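J.: Sequence:
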Amino acid sequence: MQLYPLLLVAIVLAADGGMRAEADQFGLSAGQIAMLAVLPQIAIVLLVRSATWFFCRRMDRQGSAQAIMSAERITRQSRWVILAWHAAAVLMFGWLDTVRSVTGNLILIDELIVLLPPLLAVIGTFWAYYPVERRWREALIVRRLDDGRPLHPMPSRSGYVWNQTRMGLLILLVPVLLIVGLSQTVRVLMEPYADAAWGAWVMGGALFFSAAMVFIFAPVMMRYILNVEPIPPGPLRDMLLEICRAHNVGVRELLIWRTGGMMINAAVMGLIGRLRYVMITDGLLESMGREQVRAVMAHEIGHVRHRHIPWLVMILAAALLVTSILLDGSLMLLGVAGVEAAFHLLQWMPSVALLTAVQLVIVLIVFGWVSRRFERQADTFAVKHLSAHPSPLPVLIDRRAQADAAMHDPSDQGDHAMGVGGAEEIGVRSAPISRDAIDPEAVLAMNRALGLICELNLVDPERPSWRHGSIAWRQRYLRSIVGAPIGELPIDRTISRLKWTALTLLIASLLLGAVIVRSSTLQLVEAASNQAVCQWSASHRLVDDVVDHAGLPRRN
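The opening residue of the sequence shown carries number 1 in the numbering used here; numbering runs sequentially from there.
No lab work stands behind these hints, which were simulated from the structure alone.
Mixed in with the good hints, there may be bad ones.
[What the hints assert, rightly or not] Cut-off 20 angstroms, straight-line C-alpha distance, at most; resulting in silico cross-link-like pairs (SDA-like, lysine to any residue): (1) Lys-499 / Arg-467; (2) Lys-499 / Gly-483; (3) Lys-499 / Val-366; (4) Lys-499 / Leu-364; (5) Lys-499 / Leu-312; (6) Lys-499 / Gly-368; (7) Lys-499 / Met-314; (8) Lys-499 / His-468; (9) Lys-499 / Pro-390; (10) Lys-499 / His-389; (11) Lys-499 / Val-370; (12) Lys-499 / Pro-310; (13) Lys-499 / His-306; (14) Lys-499 / Ala-484; (15) Lys-499 / Arg-373; (16) Lys-499 / Leu-207; (17) Lys-499 / Gly-487; (18) Lys-499 / Val-313; (19) Lys-499 / Val-515; (20) Lys-499 / Met-190; (21) Lys-499 / Leu-511; (22) Lys-499 / Leu-275.
Predicted model only: the values in this text are computed from it and were never measured.
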């Protein structure tokens, strides 16, 4: 769900940029287009509710855990169907134009109305999945008691839906819509100066500044969107701050993300230390032992230390510029006329829009590949930290000792119950090597944390993830680097080459773009000069003709 709100908004922005059919392309009235945008989304939610009802009955009768996973899979896949139909309604049937024919092109209002059907449909899937979630949590009560973990009251259906909406949609949707609203406001304010030579530069600078401000202050907004509170002073907070200090990473606050034990996750938000927050869910703290929590925290700090977010933006910018240059160059080589004729087979989509779609697909592929390598590097950073800073406490604690300790210090619940067995089960040795090499216990801790995330979130370890890669893929890699020297790991070399390549391509693309702009400017100046000369010559000939017609002597 992490990219889902971005894709919803991107579809609307693509339509606003011209990548859409006209509202009357299929001869449909405004009412018919509205029904096409809304009714199928309602039907999808009803189908999901029917499926969850069926699987709930199977759970009640057979106690089947497979029924829970099937219900989760159908619910998850339905959201992509919702997204696909949203794209069809906006790009093919002209849903955006239909809304604007009623509201006008208001700042953010028309976009919000267009987004309502898919957003409400996704929220409807949260509502439909609630009975499955309730049964799953009830089934875990005995296990949580055995593990000495606290029990959380099951939220009401409305409370569950609201929590899922905040975590799955609002966390990204709010800042993205703020950026869109600010950009539209800037365009409206700058419209009188659009034809001025400096207008485009000022507008571009204002848009960049607005987006940067939202991006920088988004972590502060998240404190009010999510149910978070500071981690109180104690051993847990000291342990987490020690990891930050070890790598010279500043944070404004360490936060517990209250999810009622429903989510096992952690995140770091913010580019600037004074506006950077680290969030760890209550479910993670309750389920993982000391070493697993250290591994997860080090993973998040690894993202900050390697500056993954700024580099990801730079790499995507380079990919965008390079693909733009390559596509434009391809048009020039193939001949614009021939390519245009081929593109117009899709009469509802302009050729420029199709090129943009191809460009975005390429950028998304690059985004996924780079994100997965950044996740691998963050995993590697975590095991490097644990290898260089081993815990003074034993890693393996028996169940009785762990439960006993949990009664006195909930932040330290041992390391036995990570759901992936002992060192032999993950194929690493339990004997330490040295602080200059990857310690098997460090890999054990990180792999246990990843395994528990799968187990408690009902995720198949082999299930692929566009941004993170599958859990099994990540675990296999970590097992492969046991004993490797900390300073000579392949992923660090790969990322280093990637960064230098992206930086080189970005600079080359900007220089090439500057040359193209300069060449185009010179051509425009030359064309304007030629036109002025032609006009002067024409006017001079006209004067001569008038003089000749009047019989007056010409001036030399």
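J.: Decide, hint by hint, whether the structure agrees.
T.: Against the structure, the hints:
1. Lys-499 / Arg-467: Given that 20 angstroms is the threshold and the Cα spacing comes to 18 angstroms, the pair holds.
2. Lys-499 / Gly-483: violated (26 angstroms)
3. Lys-499 / Val-366: Within the cut-off at roughly 13 angstroms; holds.
4. Lys-499 / Leu-364: holds (17 angstroms)
5. Lys-499 / Leu-312: holds (9 angstroms)
6. Lys-499 / Gly-368: holds (15 angstroms)
7. Lys-499 / Met-314: holds (9 angstroms)
8. Lys-499 / His-468: holds (19 angstroms)
9. Lys-499 / Pro-390: violated (30 angstroms)
10. Lys-499 / His-389: Distance ~28 angstroms between Lys-499 and His-389 Cα, so the pair is violated.
11. Lys-499 / Val-370: holds (10 angstroms)
12. Lys-499 / Pro-310: Holds, because 11 angstroms separates the two Cα atoms, which is no more than 20 angstroms.
13. Lys-499 / His-306: With Cα atoms ~11 angstroms apart, Lys-499 and His-306 stay inside 20 angstroms; holds.
14. Lys-499 / Ala-484: Distance ~23 angstroms between Lys-499 and Ala-484 Cα, so the pair is violated.
15. Lys-499 / Arg-373: Answer holds: Lys-499 to Arg-373 is near 12 angstroms, not above 20 angstroms.
16. Lys-499 / Leu-207: violated (26 angstroms)
17. Lys-499 / Gly-487: holds (18 angstroms)
18. Lys-499 / Val-313: holds (11 angstroms)
19. Lys-499 / Val-515: The hint is violated at about 24 angstroms.
20. Lys-499 / Met-190: violated (36 angstroms)
21. Lys-499 / Leu-511: holds (18 angstroms)
22. Lys-499 / Leu-275: Distance ~25 angstroms between Lys-499 and Leu-275 Cα, so the pair is violated.
Violated hints for the displayed structure, listed by number in ascending order: 2, 9, 10, 14, 16, 19, 20, 22.
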